[in-house]
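Student: Now for the letters of each chain:
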Amino acid sequence: MKWLIWKDYRVNRLIFITTLVLLVAPHALVAISIWRGAGGPTSPADAFMASSVYALGLLQLAFALLGGNSIAGERIDRSAEFLAYLPVSRGRILTSKLLVALAAVPLVWLPNLVIFAVIYAARPAGPTPPVEYILCVLGSIAITGLTFFCVAWLFSCMLRSPTFSVCAGLITPFLVVTGICWVVYLLKLPNPGSPLIVLWWYGGLCLVISAASFLSGALYYLRRVEP
Amino acid sequence: MTNSSSDGPAIELSGLTKVFGSTPAVDNLSLKIDRGSTFGLLGPNGAGKSTTIKMLMGMLSITAGEARVLGVDVAQNATIVKDSVGYVPETHHIYRWMRVGDVIGFCRALYTTWNDQTCHEMVDLFRLDLSKKVKHLSKGTLVKLALLLAVSHDPQVLVLDEPISGLDPVAREEFLDGVLRTICQRGQTVLISSHTLDDVQRLADTVGILYDGRLLMHGRLDEILSTTKRIRATLVDGRRPTSLPAGTIHDRVQGREWLVTVSGFQAEKLEHVRALEGVAHVEVADIGLEDLFKDIVKAQRATT
Numbered sequence: 003m004k005w006l007i008w009k010d011y012r013v014n015r016l017i018f019i020t021t022l023v024l025l026v027a028p029h030a031l032v033a034i035s036i037w038r039g040a041g042g043p044t045s046p047a048d049a050f051m052a053s054s055v056y057a058l059g060l061l062q063l064a065f066a067l068l069g070g071n072s073i074a075g076e077r078i079d080r081s082a083e084f085l086a087y088l089p090v091s092r093g094r095i096l097t098s099k100l101l102v103a104l105a106a107v108p109l110v111w112l113p114n115l116v117i118f119a120v121i122y123a124a125r126p127a128g129p130t131p132p133v134e135y136i137l138c139v140l141g142s143i144a145i146t147g148l149t150f151f152c153v154a155w156l157f158s159c160m161l162r163s164p165t166f167s168v169c170a171g172l173i174t175p176f177l178v179v180t181g182i183c184w185v186v187y188l189l190k191l192p193n194p195g196s197p198l199i200v201l202w203w204y205g206g207l208c209l210v211i212s213a214a215s216f217l218s219g220a221l222y223y224l225r226r227v228e229p
Numbered sequence: 053m054t055n056s057s058s059d060g061p062a063i064e065l066s067g068l069t070k071v072f073g074s075t076p077a078v079d080n081l082s083l084k085i086d087r088g089s090t091f092g093l094l095g096p097n098g099a100g101k102s103t104t105i106k107m108l109m110g111m112l113s114i115t116a117g118e119a120r121v122l123g124v125d126v127a128q129n130a131t132i133v134k135d136s137v138g139y140v141p142e143t144h145h146i147y148r149w150m151r152v153g154d155v156i157g158f159c160r161a162l163y164t165t166w167n168d169q170t171c172h173e174m175v176d177l178f179r180l181d182l183s184k185k186v187k188h189l190s191k192g193t194l195v196k197l198a199l200l201l202a203v204s205h206d207p208q209v210l211v212l213d214e215p216i217s218g219l220d221p222v223a224r225e226e227f228l229d230g231v232l233r234t235i236c237q238r239g240q241t242v243l244i245s246s247h248t249l250d251d252v253q254r255l256a257d258t259v260g261i262l263y264d265g266r267l268l269m270h271g272r273l274d275e276i277l278s279t280t281k282r283i284r285a286t287l288v289d290g291r292r293p294t295s296l297p298a299g300t301i302h303d304r305v306q307g308r309e310w311l312v313t314v315s316g317f318q319a320e321k322l323e324h325v326r327a328l329e330g331v332a333h334v335e336v337a338d339i340g341l342e343d344l345f346k347d348i349v350k351a352q353r354a355t356t
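Sequences listed follow chains C and S, in order. When the letters of the first sequence are read in order and numbered with the numbering used here, they come out as residues 3 to 229. When the letters of the second sequence are read in order and numbered with the numbering used here, they come out as residues 53 to 356.
Take these hints with a grain of salt, some might be off.
Distance condition first, Cα-Cα at most 30 Å in a straight line; then the derived DSSO-like pairs of lysine-lysine [what the hints assert, rightly or not]:
hint : chain 1 : residue 1 : chain 2 : residue 2
1    : S       : 184       : S       : 84
2    : C       : 4         : S       : 184
3    : S       : 84        : S       : 346
4    : C       : 4         : S       : 187
5    : S       : 185       : C       : 4
Computed footprint of chain C on chain S, listed as stretches where at least three residues anywhere in the stretch have a Cβ under 8 Å from a Cβ of chain C [claimed, not checked]:
hint : segment
6    : 105 to 111
7    : 135 to 146
8    : 154 to 166
For the record, the hints were derived by calculation from the structure and aren't laboratory data. The beta-carbon is built from N, C-alpha and C at its ideal position, and this holds for glycine as well.
Sequences are here, hints too, so could you generate the full structure?
Tutor: What follows is the structure in structure tokens.
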């Protein structure tokens, strides 16, 4: 399993390097702008909190890339055909790919959450966003990343185009939001009053889509004979 | 059955069928390859050789029938089959970014019976540079690496799917030396599919000819070649006689010469040709595998 994980890491190395760049870039930009005195009226603490959330949102792209590249990436360069005649079960192949994708979770989330939490706790007294609001934002970012990954994974398991798989993953949350808006509009539902209710709908739908996509993708790949 | 049995044929295909859309690529193919034999699978392009081999290797789903390798059902236990079979494909898709040493390490970790000594011997034999990246290897070296990976886990069955197509004569010779060495040292069962019939004739003791997914001929190569002859007759007026001897595979007229390829050759067949009207002179010649193959394929094309 060690060699399989190494191979999958190596296949996705460019995505991990991009993730690291995207992890550092927003904070570096904020640091540079503060150092050059271009921060404007925003305090450095607020700027870094914002850059953490911004980086988190941006880094969810990595999950779409990892999901979309997982199987289709090896189909398109036909290296999947090499793996297909080696004595390794489909279950082990999937597990290795999943473990590599899971390794991106702490890489993406931990640094940003730590920066956010430290600054949130240490910032001077003043108006602070409520914890529910922060959790809601972080939750929707997490669910969006999960949907990116799972839908891209589904298409990656079925097709040989990583680009199409990544795009399918990226577009799904937007389709869900659009779908919710259309339902509300067409059914002439009353104003839900709180955006939290819409977010609950969004989160719920995305979770169902993610679970269904991940399971169907995995089952399809496990049952398939061809690489 | 989950474990490979120690008796019975090395490879057994029963009614193996593969249909793409509505086109059968392999049609009800039944075949047994004995342990320790070297089987040459011949056929023109599109005959279904690679499709058969891919089904055998568990890389392609089987529409109908059954494929067993060392007694193990490929459809049920593909991983067990892959562990006991060495495979050299026609085209190589080994991870291009890996170094030769990485590829060996990667495969070593996946096979349960990897033999470091065999691997080192093959590295020395083929003079492989372990630090070189796969993408920088020549086609000949890539094929040698593929053979090294195929034999280093001491497989009981070696499957070679047109492994030497596109190789220069020196690389081809070195590759075949490696295969011969494996056959001689370990007595493995070898299934080789190739268009280079001279090489098949050199390696194989049994052959099968596939055409349109169907097995046209199957048997021991020496028996086939000893009982199949080419009758060369001179025609008086250059007109092809209407009566053909029994067992005629293919016949053609070139000027005043009539060439008849006959299976199951016996003296009576020669007498039959001699007795035909318009035949002046008759002689019998041995036929090589390549000519026999060409005649069988031409005869099939003429009937379809």
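Student: Would you mind marking each hint as holding or not holding in the structure?
Tutor: Verification of the hints:
1. S:184 with S:84: 41 Å, violated
2. C:4 with S:184: Holds - the C-alpha atoms of residue 184 (chain S) and residue 4 (chain C) are around 22 Å apart, at most 30 Å.
3. S:84 with S:346: The hint holds at about 24 Å.
4. C:4 with S:187: Roughly 23 Å between the alpha carbons, so the hint for residue 4 (chain C) and residue 187 (chain S) holds.
5. S:185 with C:4: Roughly 21 Å between the alpha carbons, so the hint for residue 185 (chain S) and residue 4 (chain C) holds.
6. 105 to 111: Holds: 3 residues of the segment 105 to 111 of chain S have a Cβ under 8 Å from chain C.
7. 135 to 146: Holds: 7 residues of the segment 135 to 146 of chain S have a Cβ under 8 Å from chain C.
8. 154 to 166: Our answer is that it holds, as 7 residues pass the Cβ test (under 8 Å) against chain C, meeting three.
Checked against the numbered hints given earlier, the structure breaks only hint 1 and satisfies all the rest.
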